[in-house]
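> What follows is each chain in one-letter form.
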Amino acid sequence: MAINLKPVDVAVVGLGAAGGVAVLPLARAGLKVAGIEAGTWMDPAKDFKPDEIHNNVRGLVTTVPKAKKEIPTFRTSPTAQARQGATHPMMNAVGGTSIHYHAQSWRLKPWDFKTRSETIKRYGASLLPKGSTLEDWPVSYEELEPYYDTVEHEVGVSGKAGNIQGTLDPAGNVYEGPRQREYPMPPLRTCDFLDHMHKAAKSLGWKPFHAPSAINSQPYRGRAACAYHGYCDRGGCHVRAKNSTCFTTIPEAQKTKNLTVFDKAQVTRIVADASGKVTGVSYIRDGQEYFQPAKVVLVSSYTYENTRLLLLSKSKAYPNGLSNNHGQVGKHYFGHWDAQAGVGVTALFPMDVNTWYGAMLSQGVVVDEWADDTFDHSGLGFIGGASLCTYMEKHPIAAASMSTFGRVPAWGSKWKQFVHENAGRFTGTYLQTNSFPYENTYLDLDPEVKDPLGDPVCRVTSGPKENETRSSVYAQNKMEEWFRAAGAIEVVKGQPFGPALSTHTYGGTRMGDNPETNVVDRWGFSHEAPNLGMLGGSVFGTSGARNPTLTMQALAWRTADHLTKNWKSIAG
Amino acid sequence: MPSEISRRAVIASAAIVPVAALTATAQKPPPSALSDAQLRLLAAFVDRLIPKDELGPGASESGVPEYINRSLGDFLASEKPAFTEGLEGTDALARRTQNAAFVDLSPERQDAVLTVMENGSAEGFPNARAFFNRARRLTLEGMFGDPYYGGNRNFAGWDLIKYPGPRLATTADDQKMGVEIKPYHHSAYGVGGENHGH
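Order-wise, the sequence lines are chains Y and S.
Using this note's numbering, read the first sequence as starting at 1 and increasing by one per residue.
Using this note's numbering, read the second sequence as starting at 1001 and increasing by one per residue.
Because the hints were derived from the structure by calculation, they are not lab data.
Be aware that one or more of the hints could be misleading.
As the list claims (entries may be wrong) - Here are a few chain S residues that face chain Y, going by a calculated C-beta distance under 7 angstroms:
(1) P1030
(2) L1034
(3) L1076
(4) A1092
(5) L1093
(6) F1144
(7) G1145
(8) I1161
(9) D1173
(10) Y1184
(11) H1186
As the list claims (entries may be wrong) - Here are the computed lysine-lysine pairs in the PhoX-like style, where the Cα-Cα straight-line distance is at most 25 angstroms:
(12) K1080/S x K207/Y
(13) K1080/S x K202/Y
(14) K1176/S x K160/Y
Each residue gets a CB set at the ideal place from its N, CA and C atoms; glycine is no exception.
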């Protein structure tokens, strides 16, 4: 029998990057919040180590293995047999994957929010990606700007503004949308290799700048500055300089006494009554089932689980899954075309570049000339492009696994000589391509594969796309140009095969004014269940050419803020 | 002061590390996953991937078989049957095509066996290529991973590729190009890297 818990105002399902931010404005407004998290707390002194085998090879920076037991299946077309992935890209902990993410913290561009109408206006409808279900977002950059600003300051973001209220500064990204003020901290430290790449980009007439990141470049609100030790990727920060929600907004919300964190609690269903309102969530902790009644439920459990939870939560009012009477849950899903999708470029230099240490993408230099609609696409046959980022941090096993650029065999004495000379001389890069939703790209429940509770896992259907292949290849060529200008002697470009399971996935509960094609409204609340809100990348309608986290957090703050201001009409 | 705060944090972290190391050294290695004969075969195999030469020790001297053996005994236990099957397949291939056990072949003839495995052209050994790739991957992990796990003895792997070693904090000078960074021979779990934990 399920144990009924004391009712709360709001139940937040998942305390990661998005849910972990939403709890703060809710708790500050005096609402009683239950933060229900499958994982538990991590301890920087004990759990975060400069150890590639622990972090990267074995993926042990995690707590409760919930995600690992419900890895989605994947197929490239609706007629193919889906196979379960080897690993889940995300992990469970208080703070979620924001504990070991790369922390680049971008605002999307004004263009990302109205890609459809801007494309039609500038190039005509024929350039819209074939088969795409692209719509303009119901939110503009200008509407989101105050929330970006709030989150940049509450979480703590380092960077250099390129556009403050229309005044451009080439030290920052001059292609960004106008912001009301400077970042709260300057960018992370530069270094020799980044200076070298910066100079090379300038020699091409491009406008390079230092990446914005949710890592402290200086002490901020009682937390230390980055130590640049080089184990940022998939490793938590031992000095708490990476501003995961477990060090920032979650503890801040706990100070109000209005947030209670329920850890190791695996949510299995969101419950709705006959009128169509949600009444709370069911979860399992240590084998015992609980029911947490709540006036409002916010779901922030990552893209795959957001869709799966809704589809699993069937009721009289929602026979096809919660908030799915229009059949849109799982639709308009897409993954980001990035390094995880084969959009990589690697370069070999004739000199030691010494990129061993640092803070991954956050200690990076970016070129934004070839992303979004910054350049003229007339006659190119695609929309969008990619941001190009060169970065620091290289681990020894990964370094020894380097490409031999066709120069030597992959083992033996010649190989040994090669890595001896060249492990310090190569570097990768990070490209992120503007990616879009399509009719034949979606999430549903797998008909065969189940998790240990007997519930079907999420099934991902996502195949190759002409537009994104072309824009990715175009951007890879620009990256090669940049590396050549910097003196690279070999450049290898990956084959953009398209996203499979990824840390950058979007849609499934898309945001839009039209309930026929979208699950949530412009505020992030369901078109069908009025007191159900969705948070995270699952509400995005386009990806942008940059990391999604800050936008997820700005939207999460905005949804929570809207809830506090309209409490009576939403909570009823 | 930024440096003061990170320095304190680093010292606090450093104070934790030797405790873990002590616990680790007190542990006995897990029971061997591989037999003595399998370990001899594995050592011969990995020494062709990373041979001992003028650049330094080879894979077996650097503890790579130890790393793989320990991994198959715990974290990779589910992989043990496939791995031992791969080792047996390698030896059978050597006997079929070179008329001797793999360990008794000359380095050149051992390379010939590994080459057909790598190419996927080993007749009667359908998983040869997958096993070769897996063994190579585990060899890289053992050679270049933290010595805590039994490989990278005396930091031979890190010295080979000139990786200057994990530290808790670095300065702008540690990120300079064109200068030799002094290697820092420390495991993430304690100074020596001679631990037997995992």
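> When the nearest CB of chain Y is found for L1093/S, is that gap smaller than 7 angstroms?
For L1093/S, the interface hint is violated, since the closest Cβ of chain Y sits about 17 angstroms away, which is over 7 angstroms.
> Hint G1145/S vs chain Y: min CB-CB distance below 7 angstroms?
holds (4 angstroms)
> So if I understand the rule, the pair passes when the alpha-carbon distance is 25 angstroms or less; does K1080/S with K207/Y pass?
Judged against 25 angstroms, a Cα distance of about 52 angstroms means the pair is violated.
> A closest beta-carbon separation below 7 angstroms is what the hint needs, so does D1173/S meet it against chain Y?
Result: violated, 9 angstroms to nearest chain Y Cβ.
> Holds or violated: Y1184/S as interface residue toward chain Y, Cβ cutoff 7 angstroms?
violated (11 angstroms)
> Please work out if K1080/S and K202/Y have their alpha carbons no farther apart than 25 angstroms.
violated (53 angstroms)
> Close enough to count: is the Cβ of L1076/S nearer than 7 angstroms to one in chain Y?
With a minimum Cβ separation of about 9 angstroms from chain Y (threshold 7 angstroms), the hint on L1076/S is violated.
> Should the interface hint for H1186/S be scored as holding, given a Cβ-Cβ cut-off of 7 angstroms against chain Y?
The hint is violated - H1186/S has no Cβ within 7 angstroms of chain Y, the shortest such distance being about 9 angstroms.
> Is the interface hint satisfied for F1144/S? The criterion is a beta-carbon contact with chain Y at less than 7 angstroms.
holds (4 angstroms)
> Restraint: P1030/S near chain Y, CB-CB cut 7 angstroms. Satisfied or not?
This interface hint is violated because 16 angstroms lies over the 7 angstroms limit.
> Closer than 7 angstroms between Cβ atoms is the bar; does I1161/S clear it against chain Y? Give me holds or violated.
holds (4 angstroms)
> Taking only the CA atoms, is the gap from K1176/S to K160/Y under or equal to 25 angstroms?
Measuring from Cα to Cα gives roughly 23 angstroms; hence the hint holds.
In the structure shown, a violation is registered for the earlier hints numbered 1, 2, 3, 4, 5, 9, 10, 11, 12 and 13, in ascending order.
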